[in-house]
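Chain residues, written in single-letter form:
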Amino acid sequence: MAERLLRTTYKRDMALIPNRVQWFWLIVLLAWLFYYPIFIRGLPSPGFWLTIAILVLIAATGALGLNLLSGFAGQISLGHVFFLGVGAFVGGTVNTEAFTTLSGVDFWGLGMPWWVGVLAGGAVAAALGVIVGPAAVRLRGLYLSLVTLALVFLGEWLFTAEALAPVTGAVRGRRVDPVSFDVPVLRDYVTKDGEALYLAALILALVAFLAGKNIARSRVGRAFQATRDRDIAAEVIGVNVTWAKLTAFGVSSFMAGAAGALLGVFLGNPLGSNFGGAAGLLISVEYIAMIVIGGIGTVVGAVFGALFVVALPELIKFASEQGWLPFIAESGAGTLDPAAFSAILFGLFIVVFLILEPLGLFGLWFRLRNYWKGWPFSY
Amino acid sequence: MAVVSGLILEFDDVHLSFAGINALDGVSFTVDEGELFAIIGPNGAGKTSIFNCLNGVYRPDRGHIRFKGEDIIGKKPYKIAESGMARTFQNIELFGNMTVLDNLMLGRHHLFSSSWLAASIWLGKARREEIENRRRVEEIIDFLEIEQYRRYPVALLPYGIQKRVELGRAMAMEPSLLLLDEPVAGMNLEETEDMARFILDIREELGISMILVDHDMGLVMDIAERIMVLDFGVNIATGTPAEIQADENVIRAYLGEELTA
Amino acid sequence: MTSEVKSEVRPEAEQAKPVISVKNLEVVYNDVILVLRGISLEVPAGSIVALLGANGAGKTTTLRTISGLLDIHEGKITKGTIELNGERINKADAADIVEMGLVQVLEGRRIFAELTVEENLKTGSYTVTDRQTVTEAHDRVMELFPILKQRLRSTAGYLSGGEQQMLAIGRALMSDPKVLLLDEPSLGLAPLLVQQIRDIIVDINKQGTAVLLVEQNAAMALSIADRGYILETGKVVMEGDSNRLLRDEDVREFYLGLHAGDDGKRKSFRDVKHYKRKKRWLS
Amino acid sequence: NGADPTTTTSEPPPPTTTQPPGPTTTGMMDELVYDVGFDPDTGTIKLGALAALTGPIPGIGASLLNGHRVYWESVNADGGVAGMYPVEVVVRDNAYNPETNVVVYNEIKDEVLAFSSAIGTPTTASIYEDAAGENILVAAGSLASQWALTDNVLLNLGANTYFAQFANAPYWAMNVADPAIITDESVVGIIYQGDDYGQDCKNGYDFGQANTGFNHQYEATYAATDTEFSAQIGGAQAAGVSVLFICALPTALATMLGTAAALEYSPTVFGSSPSYNPVLPSALGGGDEAAGLAVFASFPYYGLGAGPEFEDDTPGMAELRADLEAHRDAIGVTDEMINAFYYFGYTQAQTFHILLEAAVANGDISRAGLLAAINLVQDVDLGYGGAAGGYGATPLERIPTNEDNIGVPVSVTENVFGLMDITGFFEAPYMADWDPAG
Amino acid sequence: MNATITPLIAQVTDLSVGEEIIQLTVQGLGLGAIYALIAIGFVIVYKATEVINFAHGALMLLGTYIVFSLMAGVVPKGAETPAGQQSANFPEWLQWWLDIPVAPRFALSTLVAAVIVGLFGVLVERSVLHKMVGQPVFAVVLITLGLELAVATAVQVIWSPQQKVLPSPLPPALKLQVGNISIQWANIWAVLAMGVCVLAFFAFFKYSRFGVAMRATAHDQEAAMAMGIKTTTIFAIAWAIAGVLAAIAGAFYVPARLAGFITLTPVRFAALSAFPAAILGGLDSPGGAVVGGLGIGVAQVLSARYLNPLFLGLEFPNFHLIFPYLLMIVVLLIRPYGLFGTPEVRRV
Ligand SMILES: Nc1ncnc2c1ncn2[C@@H]1O[C@H](COP(=O)(O)OP(=O)(O)OP(=O)(O)O)[C@@H](O)[C@H]1O
Ligand SMILES: Nc1ncnc2c1ncn2[C@@H]1O[C@H](COP(=O)(O)OP(=O)(O)OP(=O)(O)O)[C@@H](O)[C@H]1O
Ligand SMILES: [Mg+2]
Ligand SMILES: [Mg+2]
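Chains as they are written, first to last, in our numbering: chain A, 1 to 379; chain B, 1 to 261; chain C, 1 to 283; chain D, 1 to 438; chain E, 1 to 348.
It is worth saying that the hints were derived from the structure and are not from the lab.
Bear in mind the structure is a predicted one, so any value in this text is a computation, not a measurement.
Be aware that a few hints might be false.
To be verified - For lysine-lysine, the following BS3-like pairs were computed, each having C-alpha atoms within a straight-line distance of at most 30 Å: (1) K131(E) to K91(C); (2) K213(A) to K125(B); (3) K178(C) to K206(E); (4) K79(C) to K206(E); (5) K125(B) to K11(A); (6) K213(A) to K79(B); (7) K76(C) to K131(E); (8) K149(C) to K206(E).
To be verified - Calculated from the model, a selection of chain E residues having no Cβ within reach of chain D, i.e. all distances over 10 Å: (9) L24; (10) W97; (11) L170; (12) L199; (13) G211; (14) T265; (15) R346; (16) V348.
For every residue, glycine included, the Cβ atom is placed at its ideal position computed from N, Cα and C.
Based on the provided sequences and hints, a complete structural model is requested.
Structure (structure tokens):
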């Protein structure tokens with residue numbers, strides 16, 4: 001136990017998981033995450049629990065990226081969905097074989113393994129992320145946010161353009177093949193496309209989380225935060241703020257693009273208008289909601305936030321459709337039916353939650369953790 | 001690099017103006033290697049503006065600034081920082097959400113060379129660098145006696161400690177010229193004494209040249225070797241503390257009768 | 001430089017009824033951090049009272065509590081009362097307290113950086129409806145700080161540190177307050193200006209404004225104050241007539257830098273060794 | 001497709017026609033084969049409906065769903081499918097959002113036999129491949145002709161695709177209408193929404209143009225969020241367009257026509273469904289329906305894919321009205337829900353019902369059995385006065401109808417669907433040549 | 001079923017290119033006036049709180065439906081709500097209201113809606129945002145987003161999601177002919193309404209002490225309070241004004257932009273389309289909102305007419321969708337705080 005209190009080397013002090021207790025819980029958590037698809041096989045509506053989990057993992061990856069950009073580097077971006085879209089189409093093109101639809105439209109495709117698609121989606125998104133550069137260098141705060149909003153509309157315009165049809169399928173979207181693992185060991189573990197996608201999304205999310213943690217605690221993360229808090233002072237003490245901003249856009253777009261590649265798989269037929277216009281803006285805003293509700297500027301916060309924003313509305317809906325919530329009209333009655341009720345409830349939930357806990361779930365978690373740390377001598 | 005013997009800084013006929021205000025109107029001075037040079041003057045005289053010109057935050061309209069023999073006008077602030085100029089600020093410019101450790105590590109940002117990709121994997125060089133720089137930062141923390149605050153977000157620390165952390169951050173940059181903008185403003189006597197001690201020790205132990213700006217005449221007169229007095233962007237006197245204290249112009253424009261009495 | 005200003009104090013001020021009276025005040029931040037541990041102090045009408053103490057002692061907190069700005073810092077009064085002119089203001093809104101004539105100059109300038117100097121001054125007269133008063137107050141501020149007059153249309157955020165401090169004080173004077181709380185007004189001001197500020201405070205006070213003055217520059221503060229309080233970690237450890245405080249050995253050593261053995265002369269900073277000392281009143 | 005967790009990878013579905021995998025069939029009908037979504041104890045068939053009850057089109061979503069529910073309610077009132085298998089519809093809201101659609105689809109797909117209603121083209125696109133992998137039949141709440149190419153997505157026999165609407169109309173305007181509306185002197189143009197819907201219209205228009213050779217001179221797109229159309233309308237005007245095809249949503253159509261009227265530009269307009277809406281005249285007239293109808297007549301306006309009128313005395317409409325009256329209170333159908341989307345939902349259920357009946361008659365209501373039943377349903381007459389529709393064995397034959405019908409606006413008091421059919425169902429001779437696959 | 005209508009040959013008017021540009025500019029100004037009205041709503045809340053109010057669209061929606069209820073004589077009852085004027089269900093004692101001629105009734109309805117939504121804005125501020133004083137700006141932004149979802153869905157539930165018709169004195173075909181140029185009355189009134197709002201706004205800032213107080217509050221709430229500024233009053237005023245502007249914008253949006261046809265979504269998301277206008281002019285500048293709104297409106301129409309065909313030929317349709325954003329980016333790269341926005345003070 002002494003080890004838990006005293007750290008004798010800097011190496012140990014700076015380790016991500018400095019003690020055995022934390023290692024223990026981490027391993028429990030990981031084991032549970034990998035066991036999850038097997039666990040839910042026995043539940044009613046396993047498909048629901050699996051899709052929700054996949055969406056949460058994909059969203060968490062995207063949110064981790066946005067959190068580095070907005071939470072750490074302070075560049076609030078409304079254009080995140082654009083990079084998800086780039087990832088979806090590029091990733092889809094890379095991991096799907098070329099094909100021709102029945103109506104004779106040719107699609108490009110490389111038929112590579114899923115992770116190549118993920119990397120390619122990330123790389124292309126990162127490259128495009130840097131185009132925001134000139135604006136990011138000159139603009140600040142909400143002005144920059146609203147300029148990144150342009151990406152949402154630019155994205156819709158590009159993704160639905162007939163000229164890019166071999167990649168995006170223009171207005172009709174493109175087909176994206178499922179993820180597959182050609183590993184015999186996993187035969188009983190991955191029995192369905194959905195489980196394969198879950199595994200891929202889990203691996204990606206874990207990698208993104210680790211990378212996010214490392215970036216946050218390294219010189220890069222510090223430079224991001226310095227840029228966010230006081231950019232002039234940061235520059236004076238030796239931080240190249242332009243570099244920091246571009247790196248932040250690059251890294252965050254990379255994660256968005258990688259997440260987008262799997263989102264494309266999830267959607268099966270990603271469509272330009274999913275990633276642009278009003279629908280796209282809502283997605284961007286959802287990502288901002290994730291990092292704010294999770295706790296802005298904290299790496300775990302992004303994950304909490306993804307869980308809250310993606311899973312909660314579905315769970316409320318699930319609950320009200322199961323009839324667990326009272327006083328609701330039947331679906332489609334055009335009044336307070338489960339769907340409308342869930343939407344109102346979710347809206348109010350955000351309001352109430354942020355009033356009570358403006359620092360987000362991370363703030364809540366922080367307080368709980370401190371409470372338990374001190375237990376039984378809390379306060 | 002052509003180092004003019006003994007001079008670390010030459011500030012030569014610098015003019016700077018903002019929408020009709022002449023903040024600096026042809027100011028010249030030099031700082032010797034290892035010297036503790038002070039700049040004083042009434043509020044709005046242009047002291048902070050001189051620092052901002054040195055750092056590359058402001059670009060003078062006219063004039064030359066040579067640091068270690070190299071003209072630095074037009075260079076980016078971070079480049080100037082890399083070449084060895086560090087600074088504390090009149091209004092504390094620490095990163096309030098970050099811990100003392102992180103603030104100090106930030107001072108060493110330019111001493112790293114690993115890429116963001118390496119950082120995200122935290123292997124090899126990236127990790128080695130983090131650990132090595134951490135070691136140096138701990139030395140500074142020991143020196144400034146702020147061990148107990150190491151992991152506190154700086155925003156929670158008392159004002160006097162924050163000022164000390166800011167000094168630590170500047171030290172962490174391994175500078176050859178240190179600019180101190182009102183390091184003891186708002187401090188009580190005890191803290192001022194501590195700060196004076198640190199400044200003197202830094203100079204003695206590390207031999208770093210310094211430019212000190214402050215309105216605490218006790219401090220300035222006690223520790224500065226040479227003082228320049230600025231009024232409305234014009235250099236009205238330069239000399240030793242004793243000379244300055246006796247200067248009629250300086251008394252009229254800045255010191256007032258009481259202090260010298 | 002000690003106490004020649006003292007003699008100007010009118011003797012009746014000592015007996016006057018307090019405008020501010022704080023009794024047994026206890027303040028907690030975030031429900032857990034106990035900062036003031038039962039403070040009592042009084043500001044008699046028409047007097048200047050100095051509040052001294054180390055960093056973090058709770059001086060700013062005391063002022064905040066009086067002017068109703070505790071809420072916004074997640075602070076709470078858990079015990080004690082505050083009275084302004086005999087009226088209990090524990091729960092009063094900051095804006096209402098200003099309407100009652102009490103204005104605070106916040107620590108750290110806190111000017112509105114994006115507004116011009118003139119607009120900043122306008123916010124100071126927000127509560128005043130009488131145009132005449134505003135014009136007079138404006139003229140007075142211009143007279144006190146001529147440099148601000150040249151800068152009326154400048155963006156306040158671009159003023160130098162000292163100019164901003166002047167603006168902060170000037171802004172508070174715009175409403176012609178009856179009670180003025182000053183939190184470190186001399187911070188970052190040139191020596192000449194510190195003298196001027198001191199004179200201004202005396203001047204304002206002469207016009208009937210009571211002043212509660214928080215200062216690190218103890219010499220300056222005590223030279224004009226009628227009374228002084230010394231705060232350490234949330235408690236009043238010493239209080240009294242400022243002449244008495246000025247004679248106190250500890251105060252002389254720790255607040256004025258004058259040492260008993262040195263013929264009352266200040267020791268050079270070069271000679272002060274870096275060591276931790278003990279204050280007698282704490283031991 | 002792979003998004004969806006329970007897709008068996010690439011292996012063909014287990015055969016269900018010979019031996020049911022579930023508990024052996026007992027009770028009702030010994031030889032009935034089933035797998036998912038059928039409760040042998042109660043004989044209940046469970047169907048899924050993916051509806052848009054929040055999000056961008058909750059009004060349309062509610063109408064469509066209610067038409068659907070009323071129909072099944074009436075089926076159940078008669079004892080159910082084949083008079084003995086009642087239908088239970090499990091409804092989920094997809095908010096017209098593909099991502100949500102995948103989630104809710106997965107939530108209920110393991111308990112339902114098929115999806116008798118799934119609103120929207122982009123939403124349906126997100127699930128149909130997964131559904132195909134599991135032999136799940138999906139009835140699309142969409143008029144996109146692309147569904148003709150899929151094995152497991154069912155088009156509504158009671159409605160015409162956008163393609164068919166625009167491909168047939170020129171023929172009617174040139175050869176049937178008297179006097180001809182499009183002549184050699186006519187300059188023809190098209191304004192369409194820049195999405196999959198508009199694209200389908202545009203393809204139909206192009207096909208019609210290629211076959212009739214009308215003088216096409218102008219083409220412009222707009223975006224679904226646009227509220228200002230003077231550029232598109234002004235462009236048509238400047239190009240001298242005298243017959244304008246518009247593929248839009250009601251708000252956009254109203255705004256376009258209002259702008260055209262203000263610009264004193266009155267081309268003959270052909271609008272796809274659902275461009276027209278029965279309350280549009282009232283809107284265009286500022287609340288005065290008669291004034292608005294006059295504006296429509298001044299172009300004049302022809303509504304394509306008009307469908308029947310509410311008061312038609314065809315057997316189909318008689319039944320629709322009767323079912324509505326009988327069950328509206330139970331379902332909660334209000335007056336304002338009764339519109340073309342209600343009709344769509346109703347006929348969609350009707351189309352689906354025919355398939356179910358065929359499957360039951362065939363003794364197999366497993367998922368594969370239901371899919372196979374598509375081929376059993378040919379030349380069905382829904383009873384609305386049109387030619388028979390039906391499905392064929394190959395995707396290319398699964399175009400339920402290549403017909404169109406055209407109506408003109410009338411007062412909503414005359415016809416709650418708003419358009420008076422002036423042509424009946426008709427099909428241009430060249431429609432037989434259409435090959436959606438090339 | 002036989003064709004009863006004889007088709008006409010379209011009347012093609014011959015506008016010269018110059019006239020056509022004027023005609024399109026006039027239309028663009030009508031579009032821009034609405035953008036400006038909405039953008040001013042953003043500006044006021046931003047000015048007082050530095051928050052982008054995502055709930056503005058929901059306030060607009062609420063205003064629109066209140067105007068609808070008053071104009072069509074409809075008491076909302078969820079799914080039972082009748083669709084239009086034909087089925088008005090106002091009680092007997094309110095019939096006199098429906099006898100008022102349409103034009104004054106529209107003006108009165110707009111006024112009533114403005115008051116109600118203004119009060120609703122105050123209510124929202126008091127009950128929710130009030131508690132967020134001193135909290136991180138983005139938490140507040142998100143709260144407005146949560147409010148948007150709740151309020152907009154509540155409107156859907158209260159009035160039912162089915163399409164409605166807003167009876168108004170401004171049907172789209174009603175126009176003023178000036179030479180060869182037609183100007184729709186709906187546009188004229190939109191511009192007038194916008195103008196009146198802006199003038200009232202300027203007067204309010206000039207002749208009341210709230211203007212400076214509002215900016216002070218946004219910048220530093222504590223310092224503002226120390227100056228005796230009741231920051232809660234300031235916030236309430238800002239939200240009240242935003243509510244009033246939203247209702248007015250909603251009332252004019254439907255006849256001028258949607259041809260009197262109400263469905264939820266276009267109104268709800270209308271506010272988003274005014275972002276470029278607000279930012280182009282400078283987020284804290286009402287004058288900027290006007291210039292930005294009108295500028296973007298005109299640019300959008302002209303680009304749709306003259307640039308779209310070019311891009312359509314390249315298989316990139318609907319260029320006019322992104323043109324306002326491109327314009328916005330170019331302006332911001334030159335002037336980072338918009339045309340008239342206040343630059344942030346940045347110094348060390
Ligand atoms: N960025 C700026 N824009 C406009 N004016 C400026 C700017 N920076 C400084 N000034 C003006 O230049 C003059 C010099 O300012 P500076 O901050 O250098 O003074 P200082 O000598 O540091 O004063 P203090 O002792 O009060 O800190 C002041 O009058 C100030 O208002
Ligand atoms: N908002 C807050 N939340 C929690 N603790 C606080 C808060 N504000 C102040 N404190 C703590 O309360 C104590 C007293 O603070 P205060 O600012 O009143 O001291 P002070 O005497 O004014 O010091 P200084 O001379 O540094 O201004 C300090 O320890 C400080 O850390
Ligand atoms: Mg300065
Ligand atoms: Mg203080």
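Hints versus structure:
1. K131(E) to K91(C): holds (17 Å)
2. K213(A) to K125(B): Distance of about 17 Å is within 30 Å: holds.
3. K178(C) to K206(E): holds (29 Å)
4. K79(C) to K206(E): violated (44 Å)
5. K125(B) to K11(A): This hinted pair holds, its Cα atoms lying about 13 Å apart.
6. K213(A) to K79(B): Holds, at about 28 Å.
7. K76(C) to K131(E): holds (16 Å)
8. K149(C) to K206(E): holds (23 Å)
9. L24: violated (6 Å)
10. W97: holds (15 Å)
11. L170: Non-interface label on L170(E) violated, nearest chain D Cβ at 6 Å vs cutoff 10 Å.
12. L199: holds (25 Å)
13. G211: holds (32 Å)
14. T265: violated (4 Å)
15. R346: About 36 Å separates R346(E) from the closest Cβ of chain D, which puts it past 10 Å; holds.
16. V348: holds (44 Å)
Violated hints for the displayed structure, listed by number in ascending order: 4, 9, 11, 14.
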